[in-house]
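Could you slot chain W onto chain R? The hints should help.
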Amino acid sequence: MAAIDSPYKDPSKTFVWWIEGDRIAIATSEGDINTTETSEGKLKPVQLGSGNTVTGGLIISYNAEPDKLTAIDATTAIDIENTLQPALIDFVKYKALIDAASRENNPGIAQIRMAAAQQALASYREAVRKFGMKKNDKTGGTRAIVPPNLI
Amino acid sequence: MAAIKFTGKEIYSRVLQAVPGVSENYVLNLINEALIDMGTHQQKVENAKTDLKHNQLWYALDDDEANVTINKIFRCVIQNSDGEHIMIPRLTPGQIKQFYDETSADTKTNTAWTEV
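Quick note, the sequences are listed as chains R and W, same order. In this text, residue positions in the first sequence follow this note's numbering: the first is 1394, and each later residue adds one. In this text, residue positions in the second sequence follow this note's numbering: the first is -9, and each later residue adds one.
Just chain R, same shape as in the assembly (with noise of 0.2 Å):
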């Protein structure tokens, strides 16, 4: 496998992606493999030769999962934003507090802390709102679009 020097004047005219589950694909109409359906003009894998790729050829940018918190101690910060960590405490309340509230024998002791726990929530979920962003979906959202080549 040889790494070798990008030979694409300008990707944006011949080049798309895509989203497909949970994988992406890099498609382009550069290059001749040789088929009716994957001549030049024709979308398909990128053609650089047989072994051959461009190191670092392709970059993408998105939006990242926080990274998994492996242990409670007095150093790692929670990765998160810190206007979100006040609605993350809220939230960690508020499920131990339904938890604590399933388990207890108490009815009166069981009633506080569901009440607790529902202004926990309505905590949570105030401040997510207040943080002004629309949740995510993986695959979804606007995109610049190039129509498919029908030809």
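To be clear about the criterion: a stretch of chain R counts as covered by chain W if any three or more of its residues have a C-beta under 8 Å from a C-beta of chain W, and this derived list gives those stretches: (1) 1402 to 1411; (2) 1439 to 1445; (3) 1449 to 1461; (4) 1471 to 1482.
Pairwise CB distance ranges, derived in the manner of DEER restraints: (5) R:Pro1400 <-> W:Asn15: 52 to 62 Å; (6) W:Ser3 <-> R:Ser1443: 53 to 63 Å; (7) W:Thr104 <-> R:Asn1499: 49 to 59 Å; (8) W:Asn15 <-> R:Ala1470: 13 to 23 Å; (9) R:Asp1492 <-> W:Asp72: 51 to 61 Å.
To be clear, the hints were calculated from the coordinates, so they are not data collected in a lab. As the structure is a prediction and not an experimental result, all values here were calculated from the model. We put the beta carbon where it would ideally sit given N, CA and C, even for glycine.
Coordinates of chain W only, in the frame set by chain R:
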């Protein structure tokens, strides 16, 4: 000056005030559950690169990919012959006439992404 950020220990102590006696491991799991939920909000933008490979149509993005935790891709760029990275358009509905080589669709073969 450093930003104010909570640690796991500080969150644990806050939860203990509301629910005495809960274990650290239980709270750790709840924090990670919260992080999954909050990860769906746009709050952390990252970039990652990988090699462009001959005859490879698909590049894996699943949650098992080392180094990257991708929620939603919004930009894709390809290196050109001058070493510049040029943005390419997104195709919809993602149908091309022929899939010449489907072997790269096997996402069990992870893609080596590197954060940049």
